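Could you slot chain R onto chain G? The hints should help.
If you read the protein sequences in the order shown, they are chains G and R.
Using the numbering used here, read the first sequence as starting at 1 and increasing by one per residue.
Using the numbering used here, read the second sequence as starting at 1 and increasing by one per residue.
Where hints are given, some of them may not hold.
What the hints assert, rightly or not - Here are the computed lysine to aspartate or glutamate pairs in the DMTMM-like style, where the Cα-Cα straight-line distance is at most 25 Å: (1) G:K42 / G:E12; (2) R:K275 / R:E152; (3) R:K65 / R:E308; (4) R:K255 / R:D288; (5) G:K190 / G:E174; (6) G:K13 / G:D141; (7) R:K25 / G:D122; (8) G:K25 / G:D313; (9) R:K13 / R:D141; (10) G:K255 / R:E152; (11) R:K25 / G:D111; (12) G:K201 / G:D177; (13) R:K255 / G:D122; (14) R:K190 / R:D177; (15) G:K25 / R:E294; (16) G:K65 / G:D235; (17) R:K25 / G:E134; (18) R:K42 / R:E124; (19) G:K258 / R:D198; (20) G:K258 / G:D235; (21) R:K190 / R:E174; (22) R:K297 / R:D249; (23) G:K258 / G:E308; (24) G:K25 / R:D122; (25) G:K25 / G:D311; (26) R:K258 / R:E134; (27) G:K42 / G:E174; (28) R:K42 / R:E308; (29) R:K25 / G:E308; (30) G:K25 / R:D141; (31) G:K258 / G:D122; (32) R:K190 / R:E12; (33) G:K25 / R:E124; (34) R:K258 / R:E152; (35) G:K287 / G:D235; (36) R:K258 / G:D122.
As the list claims (entries may be wrong) - According to the in silico footprint, chain G covers these stretches of chain R (three or more CB under 8 Å from chain G): (37) 19-26; (38) 46-55; (39) 82-88; (40) 102-116.
Keep in mind that the hints were calculated from the coordinates and are not lab data.
Being a predicted model, the structure only gives us computed values, none of them experimental.
All C-beta atoms in this analysis are idealised placements derived from N, C-alpha and C, irrespective of residue type, glycine included.
2 protein chains.
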Amino acid sequence: MAKSHPFTFSMEKFCVHILGCGSAKPTLSHLPTAQIVELHGKYYMIDCGEGVQVTMQRLGLSMHKIRHIFISHNHGDHIFGLPGLIGTMGLLGRTAQLHIHGPEDIRPFLDTILTHYCNGMDYEVIFHPVCTREHNLIYSDRSVSVYSLPLEHRIACTGFLFREAQSLPHIRREMIDAYNIPVSQINNIKAGASWTTDEGKVLSHEMLTTPAAPARSYAYCSDTAYVPQLVGLIDGVNLLYHEATYGSDSASRAKVTKHCTAAQAASIANGAHAKQLVIGHFSARIKDENSLLEEAKSIFPNTLLACEGLDIDIF
Amino acid sequence: MAKSHPFTFSMEKFCVHILGCGSAKPTLSHLPTAQIVELHGKYYMIDCGEGVQVTMQRLGLSMHKIRHIFISHNHGDHIFGLPGLIGTMGLLGRTAQLHIHGPEDIRPFLDTILTHYCNGMDYEVIFHPVCTREHNLIYSDRSVSVYSLPLEHRIACTGFLFREAQSLPHIRREMIDAYNIPVSQINNIKAGASWTTDEGKVLSHEMLTTPAAPARSYAYCSDTAYVPQLVGLIDGVNLLYHEATYGSDSASRAKVTKHCTAAQAASIANGAHAKQLVIGHFSARIKDENSLLEEAKSIFPNTLLACEGLDIDIF
Numbered sequence: 001m002a003k004s005h006p007f008t009f010s011m012e013k014f015c016v017h018i019l020g021c022g023s024a025k026p027t028l029s030h031l032p033t034a035q036i037v038e039l040h041g042k043y044y045m046i047d048c049g050e051g052v053q054v055t056m057q058r059l060g061l062s063m064h065k066i067r068h069i070f071i072s073h074n075h076g077d078h079i080f081g082l083p084g085l086i087g088t089m090g091l092l093g094r095t096a097q098l099h100i101h102g103p104e105d106i107r108p109f110l111d112t113i114l115t116h117y118c119n120g121m122d123y124e125v126i127f128h129p130v131c132t133r134e135h136n137l138i139y140s141d142r143s144v145s146v147y148s149l150p151l152e153h154r155i156a157c158t159g160f161l162f163r164e165a166q167s168l169p170h171i172r173r174e175m176i177d178a179y180n181i182p183v184s185q186i187n188n189i190k191a192g193a194s195w196t197t198d199e200g201k202v203l204s205h206e207m208l209t210t211p212a213a214p215a216r217s218y219a220y221c222s223d224t225a226y227v228p229q230l231v232g233l234i235d236g237v238n239l240l241y242h243e244a245t246y247g248s249d250s251a252s253r254a255k256v257t258k259h260c261t262a263a264q265a266a267s268i269a270n271g272a273h274a275k276q277l278v279i280g281h282f283s284a285r286i287k288d289e290n291s292l293l294e295e296a297k298s299i300f301p302n303t304l305l306a307c308e309g310l311d312i313d314i315f
Numbered sequence: 001m002a003k004s005h006p007f008t009f010s011m012e013k014f015c016v017h018i019l020g021c022g023s024a025k026p027t028l029s030h031l032p033t034a035q036i037v038e039l040h041g042k043y044y045m046i047d048c049g050e051g052v053q054v055t056m057q058r059l060g061l062s063m064h065k066i067r068h069i070f071i072s073h074n075h076g077d078h079i080f081g082l083p084g085l086i087g088t089m090g091l092l093g094r095t096a097q098l099h100i101h102g103p104e105d106i107r108p109f110l111d112t113i114l115t116h117y118c119n120g121m122d123y124e125v126i127f128h129p130v131c132t133r134e135h136n137l138i139y140s141d142r143s144v145s146v147y148s149l150p151l152e153h154r155i156a157c158t159g160f161l162f163r164e165a166q167s168l169p170h171i172r173r174e175m176i177d178a179y180n181i182p183v184s185q186i187n188n189i190k191a192g193a194s195w196t197t198d199e200g201k202v203l204s205h206e207m208l209t210t211p212a213a214p215a216r217s218y219a220y221c222s223d224t225a226y227v228p229q230l231v232g233l234i235d236g237v238n239l240l241y242h243e244a245t246y247g248s249d250s251a252s253r254a255k256v257t258k259h260c261t262a263a264q265a266a267s268i269a270n271g272a273h274a275k276q277l278v279i280g281h282f283s284a285r286i287k288d289e290n291s292l293l294e295e296a297k298s299i300f301p302n303t304l305l306a307c308e309g310l311d312i313d314i315f
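Only chain G is shown next, with the shape it has when bound in the complex (with noise of 0.2 Å):
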């Protein structure tokens, strides 16, 4: 994290770059799934089709910003880009360490690339196994915690849930000009303290500041078959990006298959009392992608659809 200034009041940059929103068979109007959170300044990857290095470069997104990525499961449209993105970094002359989060089913794709194709690589790539079945905090850093989500697919798979660090209050300037107090005593007020005048009056640490923006949150939930009880797990998510491979029109499809309709995305959102909406992972059937949209507002009206090159703002 940038070292901010004490009486910095903005809030950190928490947004999420779609690179893709397709679902196993390719189209020309969408790539495999791949997303990057980005947050503070650092890049946490979300998935890994084929293809998003060169995504990434169209976009103007540095791989070397990524230190970790979470992959939901082993199907090869959520996975098939990693071994080219391995290897580039390797190419580039990476030198931190890479951290790969997922199932144990993706541990034998891992090993097979980094003992074939990643020799004299200047870098170590470490595996994080995930219980797909558990909703555990998987990994944490001072800017954010990142907790597994219970899905329910085809094969073992799980989602995401990004929650911010909650940022200490926000420093009066004015109290701070008005009473003289140092420079040097801003981060014990911002962490708790008071300050106490050599009048010895009291300046409550409320006095004193003003709360910080709430932390924010985004849940990621894809591929999965509705799966009602993620709404307690997500309860009140600033973003939730929810797989709706197919309308209500192929709602036994969706049942089969263990996907979900844009109706039941919206669902989720709506019992989550989410604050935005994007659906994504699209079937390569869906001929218009609104009535995707439209199925999804009518449940839940602050819905968006992913595309490639989307950037949402998370606040």
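Using the frame of chain G, we list chain R on its own:
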């Protein structure tokens, strides 16, 4: 091969579609290596860089027509498109066998793909290892014979020589008409028979036919150091694709990395009496590919620069 009318004289299509001609580091200018050789209505793929299935869609080339894929070597920029291509062929309901020819090194990657991503697929993938140290016939059908070409790279690597099957001579229609030769005899005459009229006059095969166009050939040599022995193996080739990763100003880098300069590629074309040369596999360091073209043309004038989407007819 489409059944042709007995009097058809036109040559069958023999063409190379360039799908990608970049090298290992991805750029916005080029995709990693892949080509389709189209011959008599069949597609033979050479190398299979990441993203190839999308490129084929964009160029309107059907992946159903591919029966054989020839892989030169086990570097990611020549093979990382395979998982997606194999998987998508399965999703699209392919039933025809797919044959993959390449060095033994590629087997672990192929095995991992087939074991972990191809369950329930309705078609079979058959691997045919190619010895990279010998010049052997590795495949033939009634349209073509494909030979390996020993190359010299940092790992085992082979080129490929496609030799079109010699087609039968053309029937001289005016002779058939003048002597009332039954249409049923035409295939025999094409195959070498003469014809004796009711009056006992013998019309020789040569009188009844004109020679077929000479069989054409295409050689693919990438990735490789300068291998002057190649010229004897591909003498008289109609079209040579030869890698030209660098210009002569980077000759020492070419030597270390076991690649070629444009001048070396042209020298191979010259020595082999090739009719046309197309150079590719450009390093991401190359700022102006025209300098490579000029360098090659100064030695072998009939040189083309490869680019994605380029179709080169062989005649």
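How the hints compare with the structure:
This hinted pair checks out: K42 (chain G) and E12 (chain G) have alpha carbons roughly 11 Å apart, not beyond 25 Å. Note on K275 (chain R) and E152 (chain R): the hinted pairing holds, with a Cα-Cα distance of about 24 Å set against a maximum of 25 Å. For the given pair, K65 (chain R) sits about 20 Å from E308 (chain R) by alpha-carbon distance, which is consistent with the 25 Å threshold. Between K255 (chain R) and D288 (chain R) the alpha-carbon distance is near 21 Å, which keeps this suggested pair within the 25 Å criterion.
At most 25 Å may separate the alpha-carbon atoms for a hinted pair to count; K190 (chain G) and E174 (chain G) meet this at roughly 15 Å. A hinted pair counts as satisfied when its Cα atoms are at most 25 Å apart, and K13 (chain G) with D141 (chain G) qualifies at roughly 16 Å. Simply put, K25 (chain R) and D122 (chain G) have alpha-carbon atoms about 16 Å apart, close enough for the 25 Å limit, and the pair holds. Only pairs whose Cα atoms come within 25 Å are accepted, and K25 (chain G) paired with D313 (chain G) is rejected, the gap being roughly 29 Å.
A distance of roughly 16 Å separates the Cα atoms of K13 (chain R) and D141 (chain R); the hinted pair therefore holds under the 25 Å criterion. With a C-alpha separation of about 53 Å, the suggested pairing of K255 (chain G) with E152 (chain R) is violated against the 25 Å cut-off. A C-alpha spacing of about 22 Å is found between K25 (chain R) and D111 (chain G), which places the hinted pair at or below 25 Å, so the restraint holds. Distance restraint check for K201 (chain G) and D177 (chain G): the Cα-Cα separation of roughly 16 Å lies within the 25 Å cut-off, and the hinted pair is therefore satisfied.
Taking the CA atoms of K255 (chain R) and D122 (chain G), the gap is about 23 Å. The hint holds against a cut of 25 Å. At most 25 Å may separate the alpha-carbon atoms for a hinted pair to count; K190 (chain R) and D177 (chain R) meet this at roughly 16 Å. Distance hint between K25 (chain G) and E294 (chain R) is unfulfilled; the C-alpha atoms sit about 42 Å from each other, more than 25 Å. Taking the CA atoms of K65 (chain G) and D235 (chain G), the gap is about 30 Å. The hint is violated against a cut of 25 Å.
Distance check on the hinted pair: K25 (chain R) and E134 (chain G) sit about 39 Å apart at the alpha-carbon level, beyond 25 Å; violated. As the CA atoms of K42 (chain R) and E124 (chain R) are separated by approximately 19 Å, the hinted pair is consistent with the 25 Å bound. The hinted pair formed by K258 (chain G) and D198 (chain R) fails the criterion: a straight-line CA distance of about 75 Å is larger than 25 Å. Between K258 (chain G) and D235 (chain G) the CA atoms are separated by roughly 23 Å; this keeps the pair inside 25 Å, and the hint holds.
Among the hinted pairs, K190 (chain R) with E174 (chain R) is consistent with the structure: their alpha-carbon atoms are about 15 Å apart, no more than 25 Å. Between K297 (chain R) and D249 (chain R) the alpha-carbon distance is near 16 Å, which keeps this suggested pair within the 25 Å criterion. Taking the CA atoms of K258 (chain G) and E308 (chain G), the gap is near 24 Å; set against the 25 Å cutoff, the hint holds. Between K25 (chain G) and D122 (chain R) the alpha-carbon distance is near 16 Å, which keeps this suggested pair within the 25 Å criterion.
Annotation: proposed proximity of K25 (chain G) to D311 (chain G) holds, straight-line Cα distance about 24 Å (limit 25 Å). Simply put, K258 (chain R) and E134 (chain R) have alpha-carbon atoms about 19 Å apart, close enough for the 25 Å limit, and the pair holds. Distance restraint check for K42 (chain G) and E174 (chain G): the Cα-Cα separation of roughly 33 Å exceeds the 25 Å cut-off, and the hinted pair is therefore not satisfied. A threshold of 25 Å between alpha carbons decides the hint, and for K42 (chain R) with E308 (chain R) the separation of about 20 Å falls inside it, so the pair holds.
Taking the CA atoms of K25 (chain R) and E308 (chain G), the gap is about 23 Å. The hint holds against a cut of 25 Å. Of the pairs offered as hints, the one joining K25 (chain G) and D141 (chain R) is violated, with about 31 Å between alpha carbons and a cut-off of 25 Å exceeded. Taken as a hint, the K258 (chain G) and D122 (chain G) pair is broken in the structure, with Cα atoms around 40 Å apart against an allowance of 25 Å. A hinted pair counts as satisfied when its Cα atoms are at most 25 Å apart, and K190 (chain R) with E12 (chain R) qualifies at roughly 17 Å.
Pair hint K25 (chain G) plus E124 (chain R) holds up; C-alpha atoms about 19 Å apart against a cutoff of 25 Å. Between K258 (chain R) and E152 (chain R), the direct Cα distance comes to roughly 7 Å. Compliance with the 25 Å bound is thereby established for this hinted pair. Between K287 (chain G) and D235 (chain G), the direct Cα distance comes to roughly 32 Å. Violation of the 25 Å bound is thereby established for this hinted pair. Only pairs whose Cα atoms come within 25 Å are accepted, and K258 (chain R) paired with D122 (chain G) is accepted, the gap being roughly 21 Å.
Only residues whose C-beta sits within less than 8 Å of a C-beta in chain G count toward coverage, and the stretch 19-26 of chain R has 3 of them, enough to reach three; the restraint holds. Remark: the stretch 46-55 of chain R is confirmed as covered by chain G, as 4 of its residues place a Cβ nearer than 8 Å to a Cβ of that chain, reaching the required three. Figure legend: the stretch 82-88 of chain R, annotated as covered by chain G; annotation consistent (4 residues with Cβ-Cβ distances under 8 Å, at least 3 required). For a cut-off of 8 Å, the count of residues in the stretch 102-116 of chain R with a CB near a CB of chain G stands at 6, and the three-residue condition holds.
The structure does not agree with the numbered hints 8, 10, 15, 16, 17, 19, 27, 30, 31, 35 stated previously, though it agrees with the rest.
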